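Asks: First to last, the protein sequences are chains A and B. Those letters in the first sequence? Residues 1 to 260, by the numbering used here. Those letters in the second sequence? Residues 1001 to 1179, by the numbering used here.
Simulated from the structure, these hints should not be mistaken for lab results. Treat the numbers as computed from the prediction; the structure is a model and nothing was measured. Glycine included, C-beta positions come from ideal geometry on N, C-alpha and C. Heads up, some of the hints might be wrong.
Here are some chain B residues the structure puts well away from chain A; computed CB gaps all over 12 Å [claimed, not checked]:
| # | residue |
| --- | --- |
| 1 | Leu1017 |
| 2 | Arg1033 |
| 3 | Ala1103 |
| 4 | Asp1140 |
| 5 | Thr1144 |
| 6 | Val1146 |
| 7 | Leu1154 |
So the derived label-pair ranges between C-beta atoms look like this [what the hints assert, rightly or not]:
| # | chain 1 | residue 1 | chain 2 | residue 2 | range |
| --- | --- | --- | --- | --- | --- |
| 8 | B | Trp1166 | A | Gln25 | 35 to 45 Å |
| 9 | A | Arg23 | B | Ser1078 | 10 to 20 Å |
| 10 | A | Ser2 | B | Ala1103 | 40 to 50 Å |
| 11 | A | Glu87 | B | Ile1040 | 51 to 61 Å |
| 12 | A | Arg65 | B | Ala1021 | 36 to 46 Å |
| 13 | B | Tyr1020 | A | Val20 | 28 to 38 Å |
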Amino acid sequence: MSDGRKFLLVTLGLLSLSMVTTRFQVVAPSSWRAGTAPITQASVVAADNVRRAYVTLVHERELSRQVGTLGKENDTLRQQNELLRREVSRLRQVMNITTTQAPNALGIAQVIAVDPSPLLARLDLNRGSADGVRLRMPVTVPAGLVGQITSVSEQRSTVVALVDPESSVGVTLQGNRGGRGLARGVPPDRLRAEFSRSVPIKVGDVLVTNSLGGVFPVGIRVGTVEKVMPLGPNDISRTVIVKPSVDVGVIEDVTLLEGL
Amino acid sequence: MRGPYPAPRGPLRWVKLIVYAALLIAAQGLLSRLSDAAGIPAPDLFLLTGAALVWRLPPPWAVLAAYGVGLGQDLLGSGALGLHAAGVAGGALLTLLVRRYVADSGLFQMLLTVLMAVTGQWLAFLILNYWLRANLITADLLRTAVPLVFVGTLVLYPLWERVVAWAFGSRSGPEEHLA
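Can you make the complete structure from the sequences, with help from the hints?
Replies: Listed below in C-alpha cells is the structure:
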C-alpha cells in the first residue's frame, strides 16, 4: 500500500470515527478526568488569582482617581464652607449689633489695610460712598466701639480708631451711674479719659459712649478703666487710663452704623 | 538543519511527554479561565501541539497523533468524544500543506501554520456540524470567535513552540519524513 493511500485511509478512518462517536454522543466517564483534576484545579485557581489581582489593580486605580477627585471636591467645599461660615459670622455680628448697640446698622465692611505707623491707629475698609458710607459714621464690633469714619472715597473709607491720638469720644459710666467724660486716644493701645472730680470712678469700671458730640449712639462699650490717676490739689478733673474693649489689631469685619 | 533541542530518547522521552501533557493541561486551563472572564475565546494550545507534531512526524503518524491530542482535549472537556479530535486532526492535515509547500521558516511560515491549523480545525467542526445537523456553529460564531482564536493562538505560537521543542525536540527539516 502506497504512503498516499495509507495517509488517505488514516484520515478518512479518523473522520469516520469522529462522525460515529459524535453521532452517538460517546462521553468519557468522568472518572477518567480524575487524574488531571489537580492540574486543572490549580490552573483555575491561578487564573482566578491573576484575574483578581488585575481587577484589584484596576479597582485601586479607580479608587485612587476617585480619592483625587473627592479630595478636590472636598477642598472646594471646605473653601465654600469657610466663606459661608464667615458670612454667617458677619450676619450674626450685624444682628447682634442691631439688637444691642444700634438698630440702624448700614452693613458689614472688611478691614483691608491698617496704618503702618505705631503712633496712629487707622483702618481702611472695603466700603465707600458707593455703598452709602459717610463721614463720621460710627464703626463697631459686637465687643464695642472701634472708631469713626474720617475719610471716604467711592470704594474705600478710613476709620480712626479710638486709640488714635486724633480720636476723641464722649464716654460715661455703664449702668446709668452718671458722669460725662471725654476719652482721647493714647498710642499705642490705650485711651485717656477725663471726668469731673465728683464722678466716683474706679478701676474696673466700664465706660460706654454717651451722646456728647452727637456722633455715637449711646451705650456702646468703649473700654474698662485700668488706672485712675492721682488728683493734684489744683486739678479740676479726674483722669483715668482706659483699656479699650476692642483690639483693633485683630479685627477683620466691622459694622458701620448710621450714627445719630 | 537541526535546532538546539535534540529529540529525547529513552525514559527521558516519556518523562518529558508527561511533563509536557501536564503543562499543556495547566496552561490551557489557565488561558481558558482567563479568556472566559474576559469574554473572548481562548487560544488553542492543543491545536498548536497538533501542528507542532506535523513538523516532527511522518504525515500519517502526525495526523494520528494530532487526533490523539484532540481526543485528550475531548476527554478533559467532558463533551462528546471525537469533536476536538477531528478538529485538531483537521488542523494538522492543512498544516501538512505548509510543511510540504512553504520552505520559509520565519514569520511567514508561522503565520501560515497557525492560519491553516485554525482553518483546518474549523473546517472539521463544520463538517461534523453538518453531519450532526446541529446548531453548534453559527455564522456569528465564525465571524467573532474564529478570528480571535487565530490571533490568540498566533500570539502564543512562538512561546509554545519553545515548550514543544523542549518536549519533542527541535523541528526536523521541511523535507524530512515527507518522502
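Asks: Which of the stated hints cannot be reconciled with the structure, identified by number in ascending sequence?
Replies: 2 and 10
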